[in-house]
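Using the hints, position chain B against chain A.
Residue strings, one per chain:
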Amino acid sequence: MKLITHNMLMSPGTRNGFPLAIEVESLEEVEADFNPEFIARMVEKLDYPALLQTVASLSVVEGTLPPQVPEKYAEDEEFLKALHHVLLEVEIVEGSLVCPETARKFPIKEGIPSML
Amino acid sequence: MSMSHRSRPEEQAPPDVFYNQAEAEKYLHNSRMIEVQAQMAERALEMLCLPEDESALLLDVGCGTGLSGEALEEYGHTWVGVDISRDMLGVAQRREVEGDLVHQDMGLGMPFRQGVFDGAISISAVQWLCYSDRNEHVPRLRLHRFFQSLYKCLRRGARAVLQFYPQDAEQLQLITASAMRAGFGGGLVVDFPHSSKAKKYFLVLLAGLPDEGFSMPQALGEEIAATQVQQTAAVNMERKQHAKRQIDRRPGKRSSKGVTKDREWIMKKKHSQRRQGKEVCNDSKYSGRKRSKVRF
Chain A
1 MKLITHNMLM SPGTRNGFPL AIEVESLEEV EADFNPEFIA RMVEKLDYPA
51 LLQTVASLSV VEGTLPPQVP EKYAEDEEFL KALHHVLLEV EIVEGSLVCP
101 ETARKFPIKE GIPSML
Chain B
1 MSMSHRSRPE EQAPPDVFYN QAEAEKYLHN SRMIEVQAQM AERALEMLCL
51 PEDESALLLD VGCGTGLSGE ALEEYGHTWV GVDISRDMLG VAQRREVEGD
101 LVHQDMGLGM PFRQGVFDGA ISISAVQWLC YSDRNEHVPR LRLHRFFQSL
151 YKCLRRGARA VLQFYPQDAE QLQLITASAM RAGFGGGLVV DFPHSSKAKK
201 YFLVLLAGLP DEGFSMPQAL GEEIAATQVQ QTAAVNMERK QHAKRQIDRR
251 PGKRSSKGVT KDREWIMKKK HSQRRQGKEV CNDSKYSGRK RSKVRF
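Chains as they are written, first to last, in full-length UniProt numbering: chain A, 1 to 116; chain B, 1 to 296.
Bound conformation, chain B alone:
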């Protein structure tokens, strides 16, 4: 299971399959998950810069079990949540969240009328659009449809703050460019840019012309970085050495060169490559078979 632990959930299964009952339950009991989600939702709400003491109608894209929605409730806002996982929505319903829930795939577009929301947030959801789980899924088109429909259902001058986990620079570029093409203004805010763990990407988007005095939010954790970098570098070094020692000490470990690439090994490798969406040859009775000694 160590394999599945390390890889990203996006590579394991489509979101409606990955966020099943068991996964949804985690968001009910795992206090760390709850805390991280709530923190990010609060940060997103802060960056929405809504007028104070006014309750707004907000959209939560990828609302899951409603953890982020609860943060919105605390500040007196009314929200509507959209998610693709029926199991997650079921848990949200059981927790009796105040927001209304809608079951929809964000890649198919937000199913709302023009200009109805005063703002939108999304916590750890948008990166899912970059993966194609079915043949008809084209990430670029799905992203475009999402951003276009999001732009449409926001009132002019409203903001959308989307926190997401890009896998690499390419995904970051794909998502940002798609938002800009849909007509959004704004850009990226990276909180704690020097920490690999606390680093968070927020896409702060603006639908229509900016209100007077618009400014991009300041990223968190930029100034304390200088002193921390040295510390974390030292800690990382120590960790690496520790890990190396552990590996060296492991008894009877075969070196990676000595692995016999038998049929079982090949099948395992092909399976994992397939899961990553790579092109893999079909399996047959010839897979992993030795070449004939007879030469023609």
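For reference, chain A alone in the conformation it holds in the complex:
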């Protein structure tokens, strides 16, 4: 599971089940093609504070993201690259997700979170 998906995921059937806390057992860094337009379009959809919170909780991932989204983010290639790396190149392989509302745990196995 990549962090872009984590930023969209919500504990099913809850009102405030977001963001899910991540308990990492193993994590991989992968490479993905950089598409600046796509990343810029994602900025509007992202819950940026939640993303920062998640990145901070994962000590392994380098925190090069600024505390706020820059005003002209679409032209800020450095920012888009940093965001691209965090969103698409960090893969949680094993671990679990914890719902902030009910503390329910959802296991992640072989990169697939189970929300059942």
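Heads up, some of the hints might be wrong.
[Stated by the list, open to error] Listed below are the simulated DSBU-like cross-link pairs for lysine-lysine, each with C-alpha atoms no more than 35 Å apart in a straight line: (1) B:26 to B:285; (2) B:26 to A:81; (3) A:109 to B:152; (4) B:26 to A:2.
[What the hints assert, rightly or not] Covered stretches of chain B (in silico footprint by chain A; criterion: 3 or more residues with CB under 8 Å from a CB of chain A, positions within the stretch not fixed): (5) 46 to 58; (6) 94 to 102; (7) 263 to 270.
Please keep in mind that the hints were generated in silico from the structure rather than gathered at the bench. Glycine is no exception: its CB is placed at the ideal position from the N, C-alpha and C atoms.
Okay, now just chain B, sitting in the frame of chain A:
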């Protein structure tokens, strides 16, 4: 095995059981299955009417082994797939699809935040919601929860195109009505309506107000139908006669009236009825026993 071949997979087992390792493997090797799935995914993507040359974030409901997702990848879109079968997702993972995979029962709702997806597709999955495999499964509620959560996680003005196989008119009505009740606009598009084999149902849904210039997609295969109908009718007639001859020629076949309804026959019948979800009396030592000759 001819029985299981004919009946719908939905009647055989719940989706997480039916799509096991063996079934998942089929989607890896069976070229016809792969082709049909990819074709339908492409058609669904076409009906999403996404802006050209822009890569979107899409949801694939019932993504299975990721065949439909691959069609989305080809057009440069990023996708997230949801499926109830862990075996199918495992195969998708092994095929190294680009999309992220989430294990979830769609009847429990899509586990995503509000307004995140630019569109959603679903290939041959939604009809599964019409079956209740467990006591607590109520199709109407599961459909409602699915459509409500789907509506929520789509951005306003986004579309969802869901291809499905309704068993009968009642299921078609149940699914369509449930989508409308969740607030979706849009409706049904039937491709190749006159062909029993190529006929495909697509529910084209719109979340929120339509963008300017919205129009429902045109169904395929409506105009060529007139000439084809006659041909297929003739072919069907021939097939039927051929089949009849085959049956008549079969040696020593007992007529259906002559079947002795013994205990074994009754047990088999009850088993198959149970599988279809019908109400069947419990088995006991009295099942299929002859009535006593003594009259009181």
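Verdict on chain A covering the region 46 to 58 of chain B, where coverage means 3 or more residues with a C-beta closer than 8 Å: Coverage by chain A holds here, the residue count being 3 at a Cβ distance below 8 Å.
Agreement of residue 26 of chain B and residue 2 of chain A with the hint, judged by alpha carbon distance not exceeding 35 Å: Satisfied, since the Cα-Cα distance of roughly 28 Å is no more than 35 Å.
Residues of the region 94 to 102 of chain B with Cβ under 8 Å from chain A, three needed, outcome: holds (count 3)
35 Å Cα cutoff - pair residue 109 of chain A, residue 152 of chain B: Roughly 27 Å separates the two Cα atoms, so the pair holds.
35 Å limit on alpha-carbon distance, applied to hinted pair residue 26 of chain B and residue 285 of chain B: violated (42 Å)
Cβ contact check, 8 Å cutoff: the region 263 to 270 of chain B against chain A, three residues minimum: violated (count 0)
Proposed proximity, residue 81 of chain A with residue 26 of chain B (alpha carbon, max 35 Å): Given pair residue 26 of chain B, residue 81 of chain A is violated - Cα atoms ~40 Å apart, limit 35 Å.
When held up to the earlier numbered hints, the structure conflicts with 1, 2, 7 and fits the remainder.
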